[in-house]
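J.: Taken in order, these protein sequences are the chains called A and B. Numbering-wise (our numbering), the first sequence opens with residue 1 and increments by one. Numbering-wise (our numbering), the second sequence opens with residue 1 and increments by one.
Careful, some of the hints might be misleading.
As the list makes no split between identical chains, a pair holds if one copy fits it or if it spans any two.
To be verified - Pairs of lysine-lysine residues, derived as DSSO-like cross-links and limited to a Cα-Cα distance of at most 30 angstroms, are as follows:
(1) K228 / K240
(2) K89 / K240
(3) K104 / K239
(4) K201 / K104
(5) K240 / K104
(6) K239 / K108
(7) K174 / K240
(8) K240 / K108
(9) K72 / K239
(10) K174 / K201
(11) K228 / K89
(12) K108 / K201
(13) K240 / K72
(14) K72 / K201
(15) K174 / K89
(16) K228 / K108
(17) K108 / K174
(18) K201 / K89
Think of the hints as simulated: they come from the structure by calculation, not from any bench.
2 protein chains.
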Amino acid sequence: MTPSPSIILINPQLGENIGMVARAMLNCGLTDLRIVNPRDGWPSDRANAASSGAFTSGVTPTLYTSTADATKDLHFTLATTARPRGMIKDVYTANGAMEQAHQKITEKQNVGILFGAERTGLENEDIALANAIITIPLNSEFWSLNLAQAVLLVSYEFHTQGDTTPSHQIHTGKTDIANSDTLNLFTTRMIDTLSSHDFFKSEEHRPTMERSLTNLFTRHEWTDQEIKTLHGIISAFIKK
Amino acid sequence: MTPSPSIILINPQLGENIGMVARAMLNCGLTDLRIVNPRDGWPSDRANAASSGAFTSGVTPTLYTSTADATKDLHFTLATTARPRGMIKDVYTANGAMEQAHQKITEKQNVGILFGAERTGLENEDIALANAIITIPLNSEFWSLNLAQAVLLVSYEFHTQGDTTPSHQIHTGKTDIANSDTLNLFTTRMIDTLSSHDFFKSEEHRPTMERSLTNLFTRHEWTDQEIKTLHGIISAFIKK
């Protein structure tokens, strides 16, 4: 697996949330989880239960006693906050921050992202240790995310920026996209069949109607299998 | 608020999950929640508790008894599935799908997104009713998201594509970015002060050292307030 950012939870409260964080991380291919002073202790049965197996499928949790200790091998540390803290600091969207993260990782730097406790978020002392801030752009009137959701969005931005899935594709299974010839054979057959069933009442309007009928099908994409089905529909309709 | 996609939950099981879906929607400015045959009934105290107030802050839930009924006013319906279902169908990433959604909404079309039950996902019958599929690109070896997380990622893609927050900015509070003159006055003072404290042992190397000292500061961005602090540091050091 290619290197990815470390997720660093500072004073997380609930074991469940740590487990859900691990699940969200692994959904996006992140594996290094650092936990600083979890309130309810570690290891945690509740964390394991909520992780959906993330801890046995790749996420490695490590316990730390201070933020400085948990970040000492990092070259680029980001702090997540929902609101400005009156500090002079670079602020990135999750998207902008993960663009930076990819670049730093290409330069062999270690990147980590700090997340504060559920109720209070990060302390200013922790934010001061970070090189920059991430503020996820959300509805400004209802912006409070739970911990795992915040981790998910940042991890997702990292994952999708490295992902090569085309934004649009067509699932055709074992069939292929029909070419012009296949499509034209169908529209021609349809028009001929309609003609022999007295569809065209006026010879004057016939060219316009033929054009509309052709266009009805050419403006969409069809597979060979779908054209076969369309032929089958005509055959069924005209059967005595 | 600008129009946004409807979120349609088909046979959701747990009230908690419906509440967390509402919260995730409103985090991203989505408000129209349609619920088809929730297993545990509706209204739901558990949904309200898990929503963090989303139902009283903007999300309006509506109950339906069939997918066809819940989607009948829509022009463009998307079905979320983690894996291909052997149907000939357009497949979008969450990003690609929400790009389409913005375009359709600009054309005054109603857009909705179907999400299946927690354990089983969408039935093929429901997917057949949709115009296209969304498959969120995730870690192919650990792709199972919980319901609210799936809704969050799709809603987030819709929200961020309409958002104008610059991907990078600098929070400077009441101060401004220092201009060249301010920065040069500082580096000049620093070099002069170092000179009077016998920092430059060799006149031969002095030009190179001066260049390095200047560069130490010019390659970063500073605010007026930070330059004042740096001046203060020098003043403190040289005080008898």
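J.: All the hints need checking, so say for each whether the structure fits it.
T.: Evaluation of the provided hints:
{"no.": "1", "hint": "K228 / K240", "in the structure": "within (20 angstroms within a copy, 94 angstroms between copies)"}
{"no.": "2", "hint": "K89 / K240", "in the structure": "neither (79 angstroms within a copy, 33 angstroms between copies)"}
{"no.": "3", "hint": "K104 / K239", "in the structure": "neither (68 angstroms within a copy, 40 angstroms between copies)"}
{"no.": "4", "hint": "K201 / K104", "in the structure": "neither (70 angstroms within a copy, 37 angstroms between copies)"}
{"no.": "5", "hint": "K240 / K104", "in the structure": "neither (71 angstroms within a copy, 43 angstroms between copies)"}
{"no.": "6", "hint": "K239 / K108", "in the structure": "neither (70 angstroms within a copy, 42 angstroms between copies)"}
{"no.": "7", "hint": "K174 / K240", "in the structure": "neither (33 angstroms within a copy, 85 angstroms between copies)"}
{"no.": "8", "hint": "K240 / K108", "in the structure": "neither (73 angstroms within a copy, 45 angstroms between copies)"}
{"no.": "9", "hint": "K72 / K239", "in the structure": "neither (78 angstroms within a copy, 34 angstroms between copies)"}
{"no.": "10", "hint": "K174 / K201", "in the structure": "neither (41 angstroms within a copy, 78 angstroms between copies)"}
{"no.": "11", "hint": "K228 / K89", "in the structure": "between (62 angstroms within a copy, 16 angstroms between copies)"}
{"no.": "12", "hint": "K108 / K201", "in the structure": "neither (74 angstroms within a copy, 36 angstroms between copies)"}
{"no.": "13", "hint": "K240 / K72", "in the structure": "neither (82 angstroms within a copy, 36 angstroms between copies)"}
{"no.": "14", "hint": "K72 / K201", "in the structure": "neither (83 angstroms within a copy, 35 angstroms between copies)"}
{"no.": "15", "hint": "K174 / K89", "in the structure": "between (54 angstroms within a copy, 13 angstroms between copies)"}
{"no.": "16", "hint": "K228 / K108", "in the structure": "neither (54 angstroms within a copy, 35 angstroms between copies)"}
{"no.": "17", "hint": "K108 / K174", "in the structure": "neither (42 angstroms within a copy, 36 angstroms between copies)"}
{"no.": "18", "hint": "K201 / K89", "in the structure": "neither (75 angstroms within a copy, 36 angstroms between copies)"}
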